[in-house]
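Protein chains: 2
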Amino acid sequence: MEGNVDIECEGVEKMERNGSAFEERGMMNREPLLSKNRINTSSQIAIVGSNVCPIESLDYEIIENDLFKQDWRSRKKVQIFQYVVLKWTLALLIGLATGLVAFFNNLGVENIAGFKFLLTSKLMLNHKYYQAFAAFAGCNLVLAICAAVLCAYIAPAAAGSGIPEVKAYLNGIDAHSILAPSTLFVKIFGSVLGVAAGFVVGKEGPMVHTGACIANLLGQGGSRKYHLTWKWLRYFKNDRDRRDLITCGAAAGVAAAFRAPVGGVLFALEEAASWWRSALLWRTFFTTAVVAVVLRSLIGFCRTGKCGLFGEGGLIMFDINSTIPDYNMVDLLAVMLLGVVGGILGSLYNYLVDKVLRTYSIVNERGPALRVFLVVIISLLTSCCAYGVPWFAKCVPCPAGLEVDCPTSGRSGNYKNFQCPPGHYNDLASLLLNTNDDAIRSLFSSLNANEFRISTLLVFFIAMYILGIITYGIAIPSGLFIPVILAGASYGRFVGKLLVSISNLNVGLFALLGAASFLGGTMRMTVSLCVILLELTNNLLMLPLMMLVLLISKSVADNFNKGVYDQIVRMKGLPFLEAHAEPYMRQLVAGDVVSGPLITFSGVEKVGNIVHSLRLTSHNGFPVVDEPPFLEAPELCGIVLRSHLIVLLKGKMFTKHRRLTGTEMLQRFHAVDFAKAGLGKGPKVEDLDIKPEEMDLYVDLHPITNTSPYTVVETMSLAKAAVAFRQLGLRHLCVVPKTPGRPPVVGILTRHDFMPQHILGLYPGLDPHK
Amino acid sequence: MEGNVDIECEGVEKMERNGSAFEERGMMNREPLLSKNRINTSSQIAIVGSNVCPIESLDYEIIENDLFKQDWRSRKKVQIFQYVVLKWTLALLIGLATGLVAFFNNLGVENIAGFKFLLTSKLMLNHKYYQAFAAFAGCNLVLAICAAVLCAYIAPAAAGSGIPEVKAYLNGIDAHSILAPSTLFVKIFGSVLGVAAGFVVGKEGPMVHTGACIANLLGQGGSRKYHLTWKWLRYFKNDRDRRDLITCGAAAGVAAAFRAPVGGVLFALEEAASWWRSALLWRTFFTTAVVAVVLRSLIGFCRTGKCGLFGEGGLIMFDINSTIPDYNMVDLLAVMLLGVVGGILGSLYNYLVDKVLRTYSIVNERGPALRVFLVVIISLLTSCCAYGVPWFAKCVPCPAGLEVDCPTSGRSGNYKNFQCPPGHYNDLASLLLNTNDDAIRSLFSSLNANEFRISTLLVFFIAMYILGIITYGIAIPSGLFIPVILAGASYGRFVGKLLVSISNLNVGLFALLGAASFLGGTMRMTVSLCVILLELTNNLLMLPLMMLVLLISKSVADNFNKGVYDQIVRMKGLPFLEAHAEPYMRQLVAGDVVSGPLITFSGVEKVGNIVHSLRLTSHNGFPVVDEPPFLEAPELCGIVLRSHLIVLLKGKMFTKHRRLTGTEMLQRFHAVDFAKAGLGKGPKVEDLDIKPEEMDLYVDLHPITNTSPYTVVETMSLAKAAVAFRQLGLRHLCVVPKTPGRPPVVGILTRHDFMPQHILGLYPGLDPHK
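If you read the protein sequences in the order shown, they are chains Y and G.
Residue numbers for the first sequence follow full-length UniProt numbering, beginning at 1 and rising by one.
Residue numbers for the second sequence follow full-length UniProt numbering, beginning at 1 and rising by one.
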C-alpha cells in the first residue's frame with residue numbers, strides 16, 4: 001500500500017507540528033552525564049510509544065555480511081553487464097519522463113493561464129470591469145482550491161518547494177512520504193494548478209521534487225501491489241543506488257525547469273547532493289542531456305502551432321540579445337552596490353520566509369480544511385493585488401515605431417491596455433496581469449528602456465517581495481526561484497533606471513544582475529546559479545559581472561543567516577549532517593555523546609531476546625558480540641540491522657541448541673531476500689508471527705552480521721568522528737573501548753548524536769562558536 | 001635552497017627512469033605471507049639507502065595533538081578574522097597573478113611567432129624559398145633549443161603538460177620539485193618559447209601547472225632564503241590549506257588558458273581535485289572570476305594597438321556566430337558517428353602517447369644533452385612538415401566577394417599565398433604555416449565552407465595526429481589540449497565535407513563537434529569539457545549536440561583504456577588513490593596487507609631509540625603506545641609524525657627519568673613550531689645534533705601525539721578500509737587487533753598498501769577483475 005504511509009505517519013508534516021521529532025528526542029537525553037566510562041550506553045533512536053514517526057537514516061554503507069559476500073562471489077559477468085545497462089537505461093528513462101512532465105507542465109500552465117487572461121482582457125475591452133475582476137479572481141480561486149484540496153487531503157508532503165526535502169533525502173534522511181507516488185501525482189498537478197492560479201510561485205522547485213519522485217518510482221520498478229515489479233531491478237533495491245538515481249532525478253528537474261542541462265548538473269552537485277563522485281557527474285550529465293533533447297524536440301513540435309496557447313520560447317527561456325558595452329569603473333561600482341543591497345534584501349527575505357512559515361505551521365496543524373482556507377485567503381489577496389493595483393498606475397502613451405502591437409491584442413505582449421484609452425498602455429498591468437514567465441521576459445528586455453516607469457517598478461518590486469514571502473508555506477507546491485527572480489529583476493531594473501545617466505549598462509542587464517543578486521542572497525549558490533542564469537539568458541559575455549554580483553550578494557547575506565533551503569531543513573527539524581564538524585566538537589570525545597541503553601546480541605541469540613528487543617525499542621542497528629563458549633573472551637563481531645533481523649526471523653531457521661548454522665542458512669537465504677524495499681516499506685516487527693514455543697530457540701546471526709563496521713575509539717575527538725560519519729555516509733558508527741578488559745563495544749553513534757541540539761543539550765556549558 | 005631539491009632528488013624524472021619508485025617497493029614486499037596474525041608488521045615506507053627519492057604523502061588530516069588543541073583554544077576572534085581575510089586575499093592574488101602570466105604568455109607567443117611568420121612570408125614573396133625555409137626552421141630551432149635547455153638543465157619537472165602532476169599532488173602525493181619556483185620559472189618561459197617554436201603543443205596544460213605553482217609560491221609567502229616570509233602566512237603552513245590554494249591555482253590556470261572561468265572551476269572539480277567541498281567551489285569561483293576580469297581588462301587595453309602583433313580576440317577565443325539550423329535525424333546520426341570514431345581515435349591517441357612516452361624515457365634518462373638533442377630532432381621534423389608538405393597542395397583560386405584580402409597580406413588571415421600565383425592561395429599552408437590558435441579559428445569558421453579542400457583536411461589531420469603524439473614527452477612544457485583540438489577539428493571538418501550533401505549542419509559546427517569528440521576520447525572529461533567548449537565558442541545552442549558527442553566518445557573510449565592524464569600518472573609510477581575500492585579488495589581484510597617491521601614508541605621514550613629509528617627507517621608515522629608503569633596494560637595513545645619528532649628532538653627538552661613533561665612542554669612549544677614548511681623543505685634527521693650522553697635521556701611524546709588517529713580492526717574488509725582511507729584523506733591508518741591480549745596496534749596502512757601492484761604482488765592468485 002503506497003497511500004497509507006501518509007496516513008500512518010505524516011512524516012515531515014508531523015514534524016513541523018511538533019517542532020521537531022528530533023528535538024523531542026534530544027529532550028529525552030538531557031540527563032546529566034554520570035560517568036565518562038559508562039558502558040551501557042547507546043544512542044539508537046528510542047521513541048517507542050510516541051506518536052512521532054521516527055526519522056530514519058538511509059544505509060549508504062555497503063553491508064558486508066556473509067550473504068553479501070556470497071552474492072558478490074557468485075556474480076557472473078552477464079549480471080554486471082545487466083546492472084550497467086540498467087543503470088544507464090534508468091538514467092535515460094528519468095530524463096525522458098522528467099522532460100515530458102516538464103513539457104506538459106508548461107503546456108498546462110500556459111493554456112490555463114492564457115485562457116484566464118484572454119477572458120479577463122475580453123471583458124475589460126468591453127469595459128465590464130467588475131465582471132472582469134470576478135472572472136479573474138474566480139478562475140484563480142477555483143484553481144487554487146483544486147490545488148489546495150489535492151495537497152491538503154492527498155499528499156501534504158507535496159506542499160512547498162520540495163528542494164529542502166530532496167536535499168535532506170540525499171543527506172541520508174529517510175522521511176517516508178517525501179518521494180511517494182501520491183506526492184508525485186499531487187506535485188505535478190498541484191504545481192500546474194498553483195502556477196496557473198496566478199500565485200507568485202514558480203514551477204522550478206516542484207520540478208526538482210518531481211524529478212526526484214520519478215527517479216524513485218522508476219528505481220522501485222512499478223508497484224508491488226499490482227505485481228508489476230521487474231526482476232532485474234533487484235540490483236537497485238538498496239539505498240545507495242536509489243540515492244544515485246534520485247540525484248539524477250533532481251538534476252533532471254532543474255534541467256527541465258530552466259531548460260539548463262549544465263546548470264542542472266551543477267545544481268545537483270552544489271546544492272542537492274551531500275555525497276558526490278565522478279561517475280555520478282557523468283550519469284547526471286547524461287540524464288540532463290536527455291532532458292534537453294526531449295524538450296528541444298517537443299518545443300520544436302509546438303512551433304507548428306499544435307499546442308494551443310503554448311507556442312513561444314525555444315530552448316533558451318529569456319533570450320537577451322543586447323550586446324554588452326565595454327563597462328567602466330562606474331559600472332563595476334554600480335554592480336557591486338547592486339550585489340550588496342541584493343544580499344541584504346535576500347537575507348531579509350529568508351528571515352521573513354522563516355517567520356511566515358512558523359506562523360503558518362500553527363494554522364496548518366489544525367487540519368486540512370484550515371489549510372485550504374489559508375490558500376483561499378492568499379489567492380484572493382493575490383487576485384486583488386494583481387487586478388487592483390494597476391488602477392493606480394497612469395496610462396502611458398504607446399511609443400512610436402514599435403514592431404509589436406501597442407496596446408497588445410490577444411494573449412502575449414508587453415503593452416496591456418487595461419483601463420487605458422486606445423493608443424495607451426498600463427505598464428503595471430503588463431507586469432501584474434501576466435504569467436510570471438512573461439513578466440520576467442519583459443523585465444529582462446532591453447528593447448525599450450522606458451517601457452516601465454520607475455514608480456511602476458518600485459510598486460511591482462514591493463508587491464512581488466511581499467506576495468512571494470506570504471505565499472510560500474501555504475498548501476500548494478510552490479517554488480522559490482520565480483518569486484525571487486521577479487523581485488530581483490524589478491529591483492535591478494529600478495536601480496538601472498536610477499543610474500541610467502551615469503552607466504553604460506542598459507536596464508535589461510541591470511534587471512538580470514538584480515535577479516542574480518537576489519538569487520545569490522537567498523539561495524546562496526554560486527556556480528550553479530551562474531550557469532543556470534547564463535543558460536536562461538544565452539549571454540556569455542555577462543559572465544564576469546554575474547560572477548561578481550553573485551559573489552558579493554552571497555558574501556553579504558552569509559553574514560546574516562543561512563540559505564533559504566538550509567533554513568527550511570532546519571525548521572522542519574530534519575537531522576541534516578553538515579559537511580564540516582562544528583568547532584566545539586573538538587572539545588569532546590566520541591564517548592561523551594553516546595547515550596541511552598545499549599542492546600547487544602550474542603552471535604547465536606535466543607529468538608525471544610531478539611523479538612523482545614525489537615518490540616521494546618526502535619533501534620535500527622544492534623551490535624553483535626561473539627562470546628564464550630565460541631570464543632575465549634567477548635569480541636565485537638559486527639552490526640545487524642533491524643530490517644535484516646525481521647527477515648531472518650520470518651525465515652524461522654531456529655535451532656534448539658546454541659550452535660552455528662551459517663552454512664545451512666547461506667543455502668537457504670540469498671542477499672536479495674534482505675534487499676531493502678522502497679521507502680517506508682520495510683518489514684515491520686508487528687508482522688512477525690513467532691509462536692511462544694519458538695521463543696526459547698536459538699538463531700545464528702552471523703550470516704546477516706556486517707562484519708566490517710566502521711569503529712572509533714571512545715577517546716577519538718568528536719570532530720573527527722563526525723567527519724568520518726559524514727564522509728563515509730554512515731548510519732551507525734560503533735564506539736569501542738580504549739582500555740582492555742571491558743565489553744567490546746561501548747555504544748553506537750547515529751546521525752542524531754552529531755546534531756548541535758543534542759550535544760549542546762548534553763553540555764549546556766559549551767560555547768557553540770568555539 | 002629551492003634549487004637543490006631538483007638536484008638531490010629528481011622526483012618524477014627519476015621515477016620515470018626506474019619504472020616506478022613504488023614498484024621497486026612493491027618488489028620488496030613480495031615475501032609470502034607467513035601468518036595472518038603477524039604482529040610486527042607495518043607498511044611505512046622503508047627504502048633507506050635506495051637512490052630513489054621516496055614519494056611522500058601529504059597530511060590532509062588535522063593532527064589533533066595537545067599542541068593543536070592548545071592553539072585551538074587560545075585562538076582569538078581577530079585571528080580567525082585574519083585567517084579568513086588572508087584566505088580570500090590569497091585567492092585574489094592567485095587570480096591576478098595567473099591572469100597576468102596568461103596574458104604575457106599570449107603576448108609573447110603572438111609577438112615571437114608573428115615576427116617569425118612575417119619574416120618567412122616576406123622572403124617567400126620575393127621567391128627566396130630556401131632562405132625562407134632557413135629562416136623559418138632556424139627561428140624554430142633557436143626557440144626550441146632555448147626551451148629545451150631551460151627545461152633539461154634547470155627544471156626537468158617542467159616538461160610535459162603538468163596536469164597529471166597537479167592531479168597527483170591534489171590526490172595527496174608529495175613529489176617535491178613539482179611545484180618549486182624553478183619549475184614555475186621554466187614552465188612560463190619554456191611554454192612561451194615552445195609554442196612560439198611552432199611545436200604542435202598547447203599552452204593550456206602548462207597554464208594549469210603554472211597556476212598551481214603560483215598558488216604554492218603565494219601560500220609559502222615568499223622565500224625563507226631571503227627572509228621574505230610573512231608572519232600571517234603561518235596559518236597556511238599546512239598541507240590542507242595548501243591543497244585548497246593549489247586547487248584554486250589549477251582552476252585559475254584553466255580559466256586563464258581558455259578564458260573560461262566556469263570551465264576552470266569545473267575542470268578543477270572534475271579532473272584535478274580528489275577532495276572537494278562546497279566552500280572550495282565558492283573560492284575557486286572567486287579566483288576564476290578575478291582571472292576573467294583581469295584578462296578582459298588587459299585584452300581591452302590591447303585593442304588600442306599597444307601590444308605589438310597581439311591585438312585580436314576578445315574574451316571569447318573562437319567566436320562561432322553561425323546560427324544553428326534545426327537538425328534532423330540524419331544530423332543526429334552523423335553526430336553519433338562522429339562521436340564513435342572520435343572515441344576510437346582518441347583512445348588510440350592515448351595508446352600511442354603512452355608508447356612514445358615510454359620510448360622517449362629511454363632517451364631522456366641518458367642526461368640533459370640527449371634531451372635537448374631529441375627536441376632538436378622533433379623541431380626540425382615539425383619545421384620540415386610545416387614548410388614542406390604545403391608544396392604538394394594545389395593552388396586554389398581566391399573566391400569572389402570576400403571581405404578580407406586574398407591572398408592574405410601581413411600577419412593574420414586564412415588565405416596564405418605561399419608559392420601560388422597572385423589571386424590564388426595554398427589552403428594547406430594557411431593551416432600549417434600559422435599559429436595553432438589561428439589554425440583552430442580557421443577550422444571552426446563557417447563563413448566559407450569551401451575554404452579548405454577535403455584532401456587538405458585529411459593531410460592536416462594526419463600531420464597533427466602524428467606530430468601531436470611524437471611531440472608530447474620531449475623536454476619542453478607541452479599541453480595536450482591544442483594538439484587534440486587541432487586533430488579533432490580537422491577530422492570533424494573532414495567528415496562535415498563528406499556529409500555536406502545530406503546534413504543541415506555546416507562544416508564549422510562539424511569541426512567543433514569533431515574537436516569535442518577527440519577531447520572526450522582522450523581526456524574523458526564531460527561537464528568541464530562541455531562548459532569549456534561553450535565558453536570558447538560562445539554558442540549555447542550547440543549544447544545538446546555537444547553533450548551527445550562527448551558522452552558517446554567518452555563511453556566508446558573508456559572500453560579501451562584510461563584517460564590520458566590517468567595514464568601518465570600511472571606511467572610515472574605515482575601512487576594515485578582511486579575514489580572507489582577495487583573489487584578484489586572485498587576478498588581481503590586490512591590485516592592481510594600490512595607488512596614490514598612495525599616500530600612503535602613508548603609514550604615517554606628514550607632519545608636514543610627515537611634517533612636510531614629515524615635514522616634506520618624512512619617511516620613517516622610511528623604509533624605511540626602507553627605502557628606500564630603509567631598504565632596497567634599497553635594502550636594505543638596515537639601516532640607521531642617524523643617531522644614533529646625531529647622538531648621535538650631539536651628542542652632538547654629531555655629528562656633523566658621516565659616521566660611526563662607535557663605541561664612544561666606546552667609552555668615552551670607552540671603549534672606553529674611544528675607547522676609544515678613548503679614542499680620538500682621539512683627538517684631532516686641529518687640536521688639533528690644529539691650528543692652521545694643525551695641518547696640515554698627520555699623525552700615525552702604526548703604533546704605531539706595525534707591522539708585521535710583513525711583506526712580499523714584487522715578483520716575489516718580491505719575495500720572498506722580503502723574507502724575510509726581515501727574519503728578521509730589519510731596518510732596513516734592504524735590497524736588494531738581484534739582479539740584482546742595482543743599489542744594494541746598490529747600495523748599501519750599507508751597509501752602504498754592500497755596500490756593494486758602491492759596487493760596483487762602479495763596475492764598473485766587474486767583475480768584483479770573480481
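Don't read these hints as lab results, they were simulated from the structure.
All of these numbers come straight from a predicted model, not from anything done at the bench.
Possibly wrong hints are sitting among the right ones.
To be verified - Taking lysine to aspartate or glutamate pairs in the EDC-like style, the calculated list, with each CA pair at most 20 Å apart, reads:
#1 Lys77(Y) to Glu582(G)
#2 Lys738(Y) to Glu632(G)
#3 Lys738(Y) to Glu627(G)
#4 Lys738(Y) to Glu64(G)
#5 Lys656(Y) to Glu635(Y)
#6 Lys237(Y) to Glu693(Y)
#7 Lys69(Y) to Asp767(G)
#8 Lys76(Y) to Asp626(G)
#9 Lys606(Y) to Glu635(Y)
#10 Lys738(Y) to Asp626(Y)
#11 Lys656(G) to Asp696(G)
#12 Lys656(Y) to Asp689(Y)
#13 Lys676(G) to Asp71(G)
#14 Lys738(Y) to Asp626(G)
#15 Lys69(G) to Glu582(Y)
#16 Lys76(G) to Asp767(Y)
Numbered hints the structure breaks, given as an ascending list: 5, 6 and 8
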